[in-house]
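Protein chains: 4
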Amino acid sequence: MFDLVIKNGKIVTAEHSYHADIGIFGEQIAAIGTGLSGRREVDAAGKLITPGAIDIHVHLEMPIGNFVSTDDFFTGTRAAAFGGTTAIVDFVETQPAETMLDALAARQSLADARATIDYGLHMTIGPADIAKLNQLAAVADAGCPSFKIYMAYGLRLHDGELLQALQAIRRVGGLPVVHAENWDVITTLMQQHLARGNTTPHWHPRSRPELTEGEAAGRVIDLAEFVGVPVHIFHVGCQSVVARIADARRRGLPVTGETCPQYLLVDDSVYDRPGVAGALPVCAPPIRPRPEQENMWRALADDHLQLVTTDHCPFTPAEKATGLDDFSKIPGGVPGIEARFPLLYTFGVRAGHFSENRWVDVACTTPARMLGFARKGHIAVGYDADLVIFDPEKTVTISPETLHESAGWTLYDGMTVRGYPAMTLSRGEILVEDGAFLRQPGRGNFVARRIQ
Amino acid sequence: MFDLVIKNGKIVTAEHSYHADIGIFGEQIAAIGTGLSGRREVDAAGKLITPGAIDIHVHLEMPIGNFVSTDDFFTGTRAAAFGGTTAIVDFVETQPAETMLDALAARQSLADARATIDYGLHMTIGPADIAKLNQLAAVADAGCPSFKIYMAYGLRLHDGELLQALQAIRRVGGLPVVHAENWDVITTLMQQHLARGNTTPHWHPRSRPELTEGEAAGRVIDLAEFVGVPVHIFHVGCQSVVARIADARRRGLPVTGETCPQYLLVDDSVYDRPGVAGALPVCAPPIRPRPEQENMWRALADDHLQLVTTDHCPFTPAEKATGLDDFSKIPGGVPGIEARFPLLYTFGVRAGHFSENRWVDVACTTPARMLGFARKGHIAVGYDADLVIFDPEKTVTISPETLHESAGWTLYDGMTVRGYPAMTLSRGEILVEDGAFLRQPGRGNFVARRIQ
Amino acid sequence: MFDLVIKNGKIVTAEHSYHADIGIFGEQIAAIGTGLSGRREVDAAGKLITPGAIDIHVHLEMPIGNFVSTDDFFTGTRAAAFGGTTAIVDFVETQPAETMLDALAARQSLADARATIDYGLHMTIGPADIAKLNQLAAVADAGCPSFKIYMAYGLRLHDGELLQALQAIRRVGGLPVVHAENWDVITTLMQQHLARGNTTPHWHPRSRPELTEGEAAGRVIDLAEFVGVPVHIFHVGCQSVVARIADARRRGLPVTGETCPQYLLVDDSVYDRPGVAGALPVCAPPIRPRPEQENMWRALADDHLQLVTTDHCPFTPAEKATGLDDFSKIPGGVPGIEARFPLLYTFGVRAGHFSENRWVDVACTTPARMLGFARKGHIAVGYDADLVIFDPEKTVTISPETLHESAGWTLYDGMTVRGYPAMTLSRGEILVEDGAFLRQPGRGNFVARRIQ
Amino acid sequence: MFDLVIKNGKIVTAEHSYHADIGIFGEQIAAIGTGLSGRREVDAAGKLITPGAIDIHVHLEMPIGNFVSTDDFFTGTRAAAFGGTTAIVDFVETQPAETMLDALAARQSLADARATIDYGLHMTIGPADIAKLNQLAAVADAGCPSFKIYMAYGLRLHDGELLQALQAIRRVGGLPVVHAENWDVITTLMQQHLARGNTTPHWHPRSRPELTEGEAAGRVIDLAEFVGVPVHIFHVGCQSVVARIADARRRGLPVTGETCPQYLLVDDSVYDRPGVAGALPVCAPPIRPRPEQENMWRALADDHLQLVTTDHCPFTPAEKATGLDDFSKIPGGVPGIEARFPLLYTFGVRAGHFSENRWVDVACTTPARMLGFARKGHIAVGYDADLVIFDPEKTVTISPETLHESAGWTLYDGMTVRGYPAMTLSRGEILVEDGAFLRQPGRGNFVARRIQ
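Residue numbers (our numbering), protein chains in the order written: chain A, 48 to 499; chain B, 48 to 499; chain C, 48 to 499; chain D, 48 to 499.
Keep in mind the hints are simulated off the structure, nothing from the lab. There may be inaccurate statements among the hints.
Unchecked claim - Using C-beta positions, here's what the derived DEER-type ranges look like:
no., chain 1, residue 1, chain 2, residue 2, range
1, A, Leu157, B, Arg337, 53 to 59 Å
2, D, Ala368, A, Gln142, 45 to 51 Å
3, B, Gly82, A, Asn113, 53 to 59 Å
4, D, Arg217, A, Gly482, 57 to 63 Å
5, D, Arg465, C, Met48, 38 to 44 Å
6, D, Asp188, A, Val115, 51 to 57 Å
7, D, Ala152, A, Ala368, 51 to 57 Å
8, D, Asp349, B, Ser446, 48 to 54 Å
9, C, Thr444, D, Arg86, 53 to 59 Å
10, D, Gln499, C, Gly93, 17 to 23 Å
11, D, Gly461, A, Thr146, 57 to 63 Å
C-beta atoms are modelled at their ideal positions from N, C-alpha and C, and glycine is treated no differently.
Using the sequences provided together with the hints, build the complete structure.
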């Protein structure tokens with residue numbers, strides 16, 4: 048007698064689809080079989096059962112410059128759950144006077160109070176952290192074996208620091224996850240544009256040309272090859288980067304990359320929208336011309352890119368508007384934590400870019416395996432009962448009102464998807480059912496990850 | 048209450064490894080869970096549970112020239128079962144006056160009487176079959192959606208015929224599986240060598256240089272791209288072919304390739320062994336110089352090649368010896384149906400070339416998916432209970448005596464493997480246990496395959 | 048005191064441009080200097096002085112099926128001279144009962160009687176010539192070290208024959224020049240189109256898709272690499288071939304390629320012209336869609352292709368019309384021997400695709416060096432005084448009337464070029480001056496070539 | 048009646064070899080012909096006549112740290128002349144308070160007093176020069192259209208500065224010439240090695256791994272592509288760089304590269320020589336393992352690299368010895384200005400790596416054309432009579448004694464070359480004859496170059 052049985056659904060994993068019941072006992076999948084019975088039974092006939100989606104790249108209540116990203120660990124993880132996402136990886140940054148473990152504890156304490164789903168944390172290695180690289184083993188042991196490296200912004204590492212960081216990550220068996228842009232070139236182009244009076248968001252992507260993404264990605268791949276460490280490239284939006292990742296993979300190097308819905312579904316004409324509407328989509332790397340969308344879909348299908356994240360980092364229109372006179376001051380980031388999984392189903396699977404199994408792979412299974420969630424991302428006995436009952440026929444037109452994100456706007460406003468979560472479970476508990484969120488803040492746990 | 052429960056094993060699939068019990072009811076996996084109980088229970092503690100291995104490229108009791116390959120559907124499938132292989136795909140050839148369906152029925156009838164494990168059949172398209180291409184839909188409907196094309200030997204298709212065959216296969220949604228060698232060049236080189244008195248097996252690989260494999264593979268890939276059909280390259284033994292497959296895959300083409308143990312574990316010095324010993328390893332494409340072994344292992348690890356088969360096609364030493372005066376008359380083919388799965392474990396997984404999951408992938412799961420075995424190659428509810436209880440510590444030194452193949456010799460003679468099947472199950476029945484084969488000829492079924 | 052001095056011109060070679068006088072004594076350039084004086088002096092102020100252009104791929108009075116190409120060695124070489132071409136290479140084919148040397152002598156005798164400019168001959172190796180490969184040394188010694196190989200048409204070699212031909216050419220230090228198309232695939236596509244009633248010239252390029260060019264070029268490059276012999280690819284019209292040539296060159300292989308004006312200046316819409324107009328442009332490989340023009344220009348600029356020829360092979364509209372009901376019966380070939388050099392100047396140099404030096408390189412110097420004209424293709428002391436005084440401002444609108452070809456039509460009808468020969472010299476003799484042809488048939492000599 | 052006639056020699060240009068006399072009038076080649084006569088006649092029977100060699104990368108009396116390179120413009124150019132080099136390009140660096148034109152004038156004044164052969168100057172753009180980029184047009188107009196950029200050392204530009212420099216060079220139609228190494232990574236590796244007590248020259252190449260060359264070259268190629276400017280990569284010593292140059296060229300980008308004798312003829316075992324002997328060869332990029340030699344020769348033959356320079360920058364053993372306790376303090380640079388041209392003949396032409404024409408191309412003609420010497424690098428009327436009468440049979444064993452460089456040591460000590468200049472002429476004057484230097488310091492002129 049199981050606590051909960053999901054009956055009659057079509058189980059969709061990264062590799063196979065088949066019909067069976069899922070028996071949940073406590074927090075985990077206890078059995079997959081036929082004719083299972085439980086204290087509660089949910090009929091999933093006609094539905095897909097997928098692993099809970101995992102978004103390994105989100106920024107909740109994250110301070111950036113003068114602002115803090117608008118979703119906190121409660122609103123952010125609640126929105127995630129509505130969309131079928133049951134685990135995230137957020138970030139820790141360490142203050143100069145702080146140890147990495149202290150920074151980690153502080154960030155965990157913040158998240159533990161509010162998160163509604165399980166979460167992991169990437170440890171950021173900024174320039175001030177180069178002196179702390181001997182702390183990496185402790186951080187990895189504490190369950191944070193992935194390390195965020197910026198090649199842009201104030202937190203960027205110069206190449207010598209980058210080398211040291213990669214060497215240190217290699218020593219602890221960790222995974223570097225990298226924001227790859229050539230900041231020196233970008234800031235120079237920004238200054239050139241601003242000096243010419245080119246101040247509107249139109250000039251945002253023109254200050255960050257594709258080549259600055261490609262060059263930086265190529266550089267960190269080169270360095271990672273030299274050091275002998277894997278590397279994951281964050282938020283790939285153009286072929287210039289894909290080509291370098293594909294090249295490296297063809298040579299057998301452990302290089303991976305991700306893209307995001309903003310690069311798959313939107314083009315750079317958004318920066319020409321009037322007023323604050325043109326400022327809202329400012330994010331980095333920027334959104335590219337339309338042909339790059341097709342490039343990114345193809346890269347996912349051909350396994351030149353391995354997963355999809357959101358880089359969820361929302362700011363309100365008022366915050367965005369502060370940079371209307373100078374695009375370089377617009378706080379960068381777009382929301383997306385909620386709709387990723389259904390967007391990928393409609394525009395990826397239904398549109399024929401890839402199969403339902405590849406959908407689960409890029410949104411659930413590969414994120415879990417790559418980032419070291421040992422018991423998530425898959426439907427098998429012993430795995431956490433993080434599950435989505437996905438109604439392939441449910442139609443939703445996306446808008447700020449249908450979403451539960453707090454930014455008040457969405458890039459996907461007006462897009463209609465066919466296929467949406469009907470129910471989301473986390474460790475055996477039903478989080479979302481019939482459009483209602485059923486649980487309290489703080490139930491989410493920090494997950495100590497191990498990278499294999 | 049299940050008919051049979053395999054308890055306490057470590058389930059190894061193409062993507063994950065985890066511990067659970069497997070409950071079998073009738074012929075299928077009915078449940079995966081913990082604490083399952085059944086009428087019979089097998090304790091698999093310390094063992095790996097894998098899907099039954101699948102060998103999609105074997106030739107049993109196949110007439111080739113004056114000889115017939117020595118293993119029939121009984122001895123061949125029994126040997127397969129000892130090694131953990133629970134499904135094979137063999138071949139049908141159609142006589143000129145025959146329809147393809149008649150040829151299929153005849154071959155099925157032969158196999159049904161003797162096979163001990165399930166099997167599928169590739170339909171061969173020879174030159175005389177070009178006039179019968181309108182029969183392909185019926186053949187595919189009958190469960191044979193994969194079509195063997197020779198670019199070498201008497202059955203080879205010229206390029207125009209090859210084009211027509213690919214077009215016809217495309218119309219029925221089938222998969223061409225291709226022996227790619229440039230026969231015209233090879234026969235010319237053979238004649239040149241023989242004319243110079245170069246008649247020993249030493250000259251066999253020198254008559255079939257790597258380029259003749261690479262060129263032919265590139266040619267059929269080009270034609271398949273033009274037609275818009277996937278293509279699978281058989282028995283890849285050298286980088287010249289791998290490079291073309293990898294190129295095509297990078298461009299997103301549905302091209303796949305396989306290699307075989309003879310290309311992974313043996314080098315071309317075998318052709319210099321004295322007397323008949325040098326003739327035994329004659330197969331086509333030939334076994335290559337040692338560096339190609341590393342190339343093939345790497346190609347499997349990097350997914351430039353997707354699966355491993357055996358091209359099992361045994362002849363006795365006496366038969367091989369008939370060509371000692373003229374290498375071109377040696378009947379071509381080597382045995383291997385039995386040891387493939389454990390050889391890959393020891394020399395692939397233990398040697399660090401790839402993980403235990405990739406092992407299952409290349410030997411079980413991808414073969415099943417690519418060739419359209421809907422209910423095999425994976426461990427999940429509803430799948431056939433084709434399973435191997437694999438003892439990772441069992442040590443076996445391979446020799447004709449430890450094997451159950453009928454050729455009386457093996458390329459792998461003297462190699463010691465650590466890891467071997469302890470028990471093999473087919474559709475819920477125990478075939479092999481404690482070194483004993485427990486079932487009768489003819490229990491194996493033809494499997495109607497569908498390619499997706 | 049020189050026989051003739053060309054004064055004050057700008058000498059343009061493949062590498063440099065500079066001003067100097069050219070002193071001619073007898074048939075050769077005797078001096079390059081300033082203030083030279085001669086019995087006759089030609090003022091070339093404002094003009095370019097180039098080497099005489101060389102067209103290594105023409106078919107004069109060549110029997111093809113039921114027809115003979117319309118220009119004979121007189122009208123063809125006269126037209127060539129009007130356009131600044133002072134040497135050609137035509138072809139010899141050997142009858143089954145004939146020796147190659149006899150065939151060569153017969154062709155020379157025909158040409159010697161009529162040619163007005165110097166010429167060389169490629170020896171064709173057809174299937175019946177495989178038995179005569181031991182004659183190649185004598186042919187090369189006789190000054191024909193380049194060997195034409197067809198991969199299409201009745202004269203095509205199968206791959207084994209191709210291998211033997213390449214081996215034999217290697218033994219004599221010769222150069223294979225290859226018509227690369229996959230004839231088996233092409234004839235199959237032709238039959239398919241004709242069977243569907245697709246009989247108009249529109250279906251000509253659709254029966255010879257780019258891939259059939261690329262595949263065949265790749266195949267002969269592979270075989271040439273295996274044999275260790277250079278190879279020159281004739282009449283390249285699409286990127287599918289360029290990519291293979293560029294790949295081979297990048298790997299350091301001695302592979303070269305040429306394109307022709309019909310691939311640089313015309314697109315495949317010509318096959319949709321009504322009536323016989325659509326049949327006139329039928330040639331093989333066919334003319335491609337417009338983007339390939341840019342590809343070919345770029346390939347010349349980037350040295351992925353090394354020279355430009357015409358494949359001049361004219362037929363009259365009446366002859367072309369015989370295939371109006373069946374495109375496969377249209378005699379293939381287009382005229383072009385006259386206008387190549389000025390067309391390349393206007394549409395190559397003036398349009399900015401390459402420099403005047405590259406123009407001379409692809410039309411004069413590289414053809415001479417590659418094909419072994421020891422004393423042609425360059426302006427230096429001791430070289431034949433084959434020269435063009437090219438007026439860069441002379442404007443000509445091309446039409447059958449302004450040309451001296453005999454086909455009665457031209458693909459370039461209506462194109463206006465700026466830049467045209469004002470005078471053409473061959474071995475010190477003025478052939479063309481003020482639009483008049485001044486010499487008699489038969490003055491042209493056979494040139495014994497040596498390939499280095 | 049010419050001032051000087053070189054009779055009966057074999058003229059070797061980048062493209063052709065032929066026999067003729069050369070008539071010199073004043074400083075230039077006035078005629079090439081047969082039977083020329085002059086006030087002085089030199090019999091060159093059995094000799095090769097080549098253009099004077101050009102070395103576009105030398106550092107004479109250049110201050111580096113605490114030292115000044117030991118050859119001044121007199122000893123350096125004299126040594127050059129002995130080896131057949133008749134033009135060099137050296138460097139100018141601008142002091143912070145100085146204008147570029149002032150710096151140029153000062154450097155010219157230094158050189159004018161001492162140079163014995165003609166010379167040009169590259170203008171260096173250091174970080175302090177970014178504020179002076181509007182002076183580039185004047186510098187280019189003054190005849191210095193090539194601009195040195197360091198990606199290493201104190202003079203290195205950060206990427207944003209590099210971008211600005213490339214943009215400014217593009218505006219003036221100039222050519223960036225780049226020292227490409229990743230300095231940040233190199234200094235980090237240096238510190239790591241030194242911190243471990245790895246202080247000997249053995250650790251010099253290990254602090255500058257191939258990847259740091261390749262990455263930096265790739266980066267500047269990327270940026271140059273973005274800006275739309277050509278780029279020349281200095282002193283290429285490993286395949287990691289060649290691959291990036293070849294890739295770029297294949298895509299049609301105007302990217303070029305050079306190598307130097309130290310990378311062609313020596314391997315990194317020299318750093319393991321005892322005492323100061325191991326310090327002498329310290330230069331950057333470092334000398335690589337032996338297989339890279341073959342890579343560099345092949346790159347020259349295949350035109351992946353276009354020219355050969357020396358990067359002549361000599362220091363005495365005493366100066367080199369100052370860094371014996373810390374390899375990072377060894378003044379970097381090796382001598383080579385004298386022997387380049389004969390070394391390339393013996394080890395390039397005689398050894399079969401390329402033809403005598405390619406030898407002239409990489410050492411004379413391409414350097415002149417690329418760097419904008421309008422009247423040098425070629426043998427034709429109107430060009431400067433900078434000529435070498437090269438005796439292909441003269442045998443010299445290289446040693447500090449046979450050379451005229453001032454460093455007192457040479458990397459090529461003990462190598463025997465067959466082929467050496469018998470006479471060197473500069474603008475019609477005989478500089479070196481019978482082993483004697485015949486002219487005075489200061490006869491060399493600054494050459495105002497224009498890049499086309």
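Hint-by-hint comparison with the structure:
1. At roughly 58 Å, the beta carbons of Leu157(A) and Arg337(B) sit within the given window of 53 to 59 Å.
2. Range check, Ala368(D) to Gln142(A): about 48 Å between beta-carbon atoms, so the 45 to 51 Å window is met.
3. Distance hint check: the CB atoms of Gly82(B) and Asn113(A) are about 57 Å apart, consistent with the given range 53 to 59 Å.
4. Between Arg217(D) and Gly482(A), the C-beta spacing of about 58 Å keeps the proposed range 57 to 63 Å intact.
5. Distance hint for Arg465(D) and Met48(C): a CB-CB separation of about 42 Å, consistent with the stated range 38 to 44 Å.
6. For Asp188(D) and Val115(A), the Cβ-Cβ distance of about 55 Å falls inside the hinted range of 51 to 57 Å, so the restraint holds.
7. Separated by about 54 Å at the C-beta atoms, Ala152(D) and Ala368(A) satisfy the suggested range of 51 to 57 Å.
8. A C-beta distance of roughly 51 Å is found between Asp349(D) and Ser446(B), which places it inside the suggested range of 48 to 54 Å.
9. Against the hinted window of 53 to 59 Å, the Cβ-Cβ separation of Thr444(C) and Arg86(D) comes to about 54 Å, which satisfies the hint.
10. Taking 17 to 23 Å as the suggested C-beta distance range, the pair Gln499(D) and Gly93(C) conforms, at roughly 21 Å.
11. For Gly461(D) and Thr146(A), the hinted distance range of 57 to 63 Å is satisfied, since their beta carbons lie about 59 Å from each other.
When held up to the earlier numbered hints, the structure conflicts with none and fits them all.
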